[in-house]
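Engineer: Chain by chain, the residues:
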Amino acid sequence: MATKISAKNLSFFYGNHQALVDNCLDIEERRVTAVIGPSGCGKSTHLRIYNRIFELYRDQRASGELLIDGVNILDPQIDVLELRRKVGMIFQKPTPFPMSVFENIAYALKLHFKLPRKELQQRVEQALRAASLWDEVKDKLKNSGLALSGGQQQRLCIARAIAVEPEILLMDEPTGAIDPVATLKIEELMLDLKEKYTIVVVTHNMQQAARVSDNTAFFFKGHIIEDGPTARIFTNPKQKKTEEYITGRFG
Amino acid sequence: MKSKRSITTRKWTDRLVRAFSALAVALAVLTMLWIIGTVIAYGHHALRPSFLINPSRPYGIANGGIANALLGTIAITFGAAAIAVPPALLGGIYLSEYKDNRAITSVLRFSATVMMGMPSVIIGLFVYMLMVVPSGHFSGLAGSVALAIIMYPVIMRSTEDMLGMVPYTLRESALALGMTRTRTTLRIICFAARKGLLTGVLLALARVSGETAPLLFTALFADSWPTNYFGGPTANMPVLITEYATNSPFAEMHQAGWGAALVVMMLVLTINIATRFLFRGQNDGH
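Residue numbers (numbering that gives the first Met the number 0), protein chains in the order written: chain L, 0 to 250; chain C, 0 to 285.
Hints were generated in silico from the structure; no laboratory data involved. These figures come from a predicted structure and were not determined experimentally. Backbone N, C-alpha and C define an ideal beta-carbon position, used for all residues, glycine too. Any given hint might turn out to be false.
Selected chain L positions facing chain C (in silico; Cβ < 10 Å) [claimed, not checked]:
1. 55
2. 83
3. 88
4. 92
5. 163
Lysine-lysine pairs mimicking DSSO-like chemistry, simulated, CA-CA at most 30 Å apart [unchecked claim]:
6. C:98 <-> L:85
7. L:113 <-> L:195
8. C:98 <-> L:139
9. L:137 <-> C:194
10. C:98 <-> L:141
Generate the whole structure from the sequences, applying the supplied hints.
Structural biologist: In structure tokens form, the structure reads like this:
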């Protein structure tokens with residue numbers, strides 16, 4: 000299996016505080032990789048380097064290398080807008096834009112592509128179908144995206160992210176603010192989506208990691224303690240810390 | 000235990016404090032109702048159609064109205080908005096969205112706060128020196144400039160506050176789609192806060208529409224229609240009220256002054272109530 004993302008000695012700083020220490024991690028293409036660990040261990044911080052979203056904040060910086068398809072995306076020469084088209088992100092709290100269901104996706108499309116009206120409509124439908132949302136919203140495309148339920152809003156955000164044809168989807172606790180039934184739908188969706196996309200998901204939920212992921216990386220205090228196939232990590236961890244965490248002895 | 004305080008005393012203290020604070024609030028509300036009541040009581044006699052249609056007339060001439068002053072006030076206030084709103088919104092956007100340099104931002108924010116506390120009479124004097132003296136004449140435009148200076152920091156700060164209420168995750172998710180910073184700010188963040196932004200502007204309008212001191216030095220007054228907004232004294236409500244109430248020996252004029260006060264009060268109350276309804280839908284469910 001090909002490596003899509005490769006972190007090499009990745010460190011991260013909030014001002015003077017070092018939050019990640021020499022992270023090394025290979026992420027396989029078209030697989031779901033779960034990132035687990037106790038609160039504050041650096042899971043989200045690590046993920047937020049992949050699309051350089053951390054650059055919104057002045058005092059945050061990363062060092063080391065983060066290769067996507069062999070190219071170091073931390074290189075200042077990299078076009079961050081194009082990077083973010085290729086690397087979509089889903090947040091814990093659904094964040095539909097204050098516009099209609101249709102426009103939420105059409106707007107994202109129009110950022111990156113010049114499309115005739117007809118094709119725009121097709122692409123919106125495709126994205127909504129791919130996010131298993133089409134049947135629920137096809138009659139309310141003109142309604143505000145904010146009028147949908149929490150789970151639907153999250154799938155709308157997924158549809159919006161995949162509409163722009165990314166290769167990687169970053170999910171930062173995508174079901175953290177969503178009820179169990181909606182969570183299940185999103186987990187099923189993730190299994191569908193990995194046919195086309197490389198997915199990296201941060202989760203607090205150990206069962207979720209076990210259910211959806213092929214590989215798992217365990218973070219602790221900014222270090223990657225262990226990573227490998229999920230089945231092995233959960234049944235036969237090599238590190239004592241990993242075992243303690245997955246058996247619920249801390250975290 | 001000897002040192003224990005009596006429960007009864009403590010309970011009564013509690014009730015007393017509660018009662019006095021409730022009374023204090025009631026006093027504020029009562030004062031407001033009293034003012035409204037007084038203005039209505041004295042002003043409602045004046046509200047005849049001719050009063051609202053006719054322009055004001057010189058002392059002693061019958062059937063004077065306030066139409067010219069009403070139009071003048073509208074022109075001066077909207078002129079002020081036209082001058083102040085665009086840069087004030089941009090300034091608010093800068094304070095909220097571009098925190099490039101904390102030191103600069105905090106100096107800017109502090110200056111805005113100082114400006115908000117600047118007595119309006121001083122702003123009137125300033126514009127008098129700036130525009131009226133050099134040009135040799137009063138003008139509605141000078142009045143607009145004075146009011147614009149008063150509105151500016153108010154709108155800037157309200158814009159900053161309203162944009163600050165939009166959750167950070169919305170900015171991140173827009174940027175994460177590959178949107179530029181500018182587009183995120185203008186199309187997503189400002190749009191999400193649009194009701195709040197409009198509320199801030201309307202409240203600033205309501206605030207300045209009754210300002211008198213700055214207009215005494217700038218727009219002054221004229222018994223004519225406000226056709227000379229750029230080049231001459233321009234009728235307006237606050238100065239009309241002041242003139243009629245203090246400079247006239249005629250009961251008829253006093254009456255007209257009260258009527259004008261009632262009209263101004265109703266306009267300001269309407270704007271205030273309208274913004275309350277507008278603001279209800281703020282935040283778009285985030």
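Engineer: Hints first: check each against the structure and report whether it holds.
Structural biologist: Against the structure, the hints come out as follows:
| no. | hint | verdict |
| --- | --- | --- |
| 1 | 55 | 6 Å, holds |
| 2 | 83 | 4 Å, holds |
| 3 | 88 | 4 Å, holds |
| 4 | 92 | 5 Å, holds |
| 5 | 163 | 7 Å, holds |
| 6 | C:98 <-> L:85 | 28 Å, holds |
| 7 | L:113 <-> L:195 | 23 Å, holds |
| 8 | C:98 <-> L:139 | 39 Å, violated |
| 9 | L:137 <-> C:194 | 28 Å, holds |
| 10 | C:98 <-> L:141 | 36 Å, violated |
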